[in-house]
Amino acid sequence: MRHELITDAVLVKNYMNGDESALSTLINRHKQRIYSFIYSKVFDRDITEDIFQDAFIKVIKNLKLGKYNEEGKFLPWVMRISHNLVIDHFRRNNRMPKFDNAGDFNIFSVLGDSSLNAEKRMIKDQVDCDLRRLIQELPEDQKEVLVMRMYKDMSFKEISERTGVSINTALGRMRYALINLRKVIDQNNIVLTN
Amino acid sequence: MAKLYSACPKKQNNLNPKEETIDFLLNYSKALSVIQCNNLKFEALQN
Chain H
1 MRHELITDAV LVKNYMNGDE SALSTLINRH KQRIYSFIYS KVFDRDITED
51 IFQDAFIKVI KNLKLGKYNE EGKFLPWVMR ISHNLVIDHF RRNNRMPKFD
101 NAGDFNIFSV LGDSSLNAEK RMIKDQVDCD LRRLIQELPE DQKEVLVMRM
151 YKDMSFKEIS ERTGVSINTA LGRMRYALIN LRKVIDQNNI VLTN
Chain U
1 MAKLYSACPK KQNNLNPKEE TIDFLLNYSK ALSVIQCNNL KFEALQN
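Listed in order, the protein sequences are those of chains H and U.
What the first sequence shows, in this note's numbering, is residues 1 to 194, in sequence order.
What the second sequence shows, in this note's numbering, is residues 1 to 47, in sequence order.
It cannot be assumed that every hint is accurate.
[Stated by the list, open to error] Below, computed lysine-lysine pairings styled on PhoX-like, alpha-carbon distance capped at 25 Å: (1) H:Lys64 x H:Lys31; (2) U:Lys18 x H:Lys41; (3) H:Lys67 x U:Lys30.
Please keep in mind that the hints were generated in silico from the structure rather than gathered at the bench.
Since the model is a prediction, treat every value here as computed from it, not as a measurement.
Produce the entire structure from the sequences given, and follow the hints as far as they go.
The following block contains the structure:
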């Protein structure tokens, strides 16, 4: 109760003259109003805490540097500093919007990193390499069709024109190429999965 | 009586900064000193 009798102006003056306990009294006297004011703008306890702290760091610096001239308006002055910091906060967030992923909607359900990690990439390279070697073992006519279809992305019509056989023959060669590949994979117990 | 469908605003009774924040500020204040040299003022944080 004794502190309430001392005005802000006197406390500020005492603080500027080196009385550290005056600051404690000032903070305790006004913390609730300033904190509530910031919270009413940002609705986040952690951000409020940060802004509250930054505001008082500014207050302390200005008082120590003697930049504050007492006109009996300590609280409005701190409020103004807090208000400016709140504006800075929103300005910064607009420039770089933050998604806190806190609600029901999970951003990672629609956003994913489809690229493989280092291990998966190595496995994939190995599988691709093994498959190419197996394809080399196929009979020439089947290999030709399979390479054109799978690696060159040609249609069976184009393949038949290029190889001079009918579409049905090309389809048949592709079928046998796959059957033979599976047979070789089964016989040698090769694992081609990622 | 018609039902109220709007969500009740959360009551925030304890709108006070954390003790740690206050302690930090008081310690910061104690650590900060301003050195005046001619017309220049330097801030020194003696932690």
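Going through the hints against the structure:
| no. | hint | result |
| --- | --- | --- |
| 1 | H:Lys64 x H:Lys31 | holds, 20 Å |
| 2 | U:Lys18 x H:Lys41 | holds, 18 Å |
| 3 | H:Lys67 x U:Lys30 | holds, 18 Å |
The structure is consistent with each of the numbered hints, conforming to all of them.
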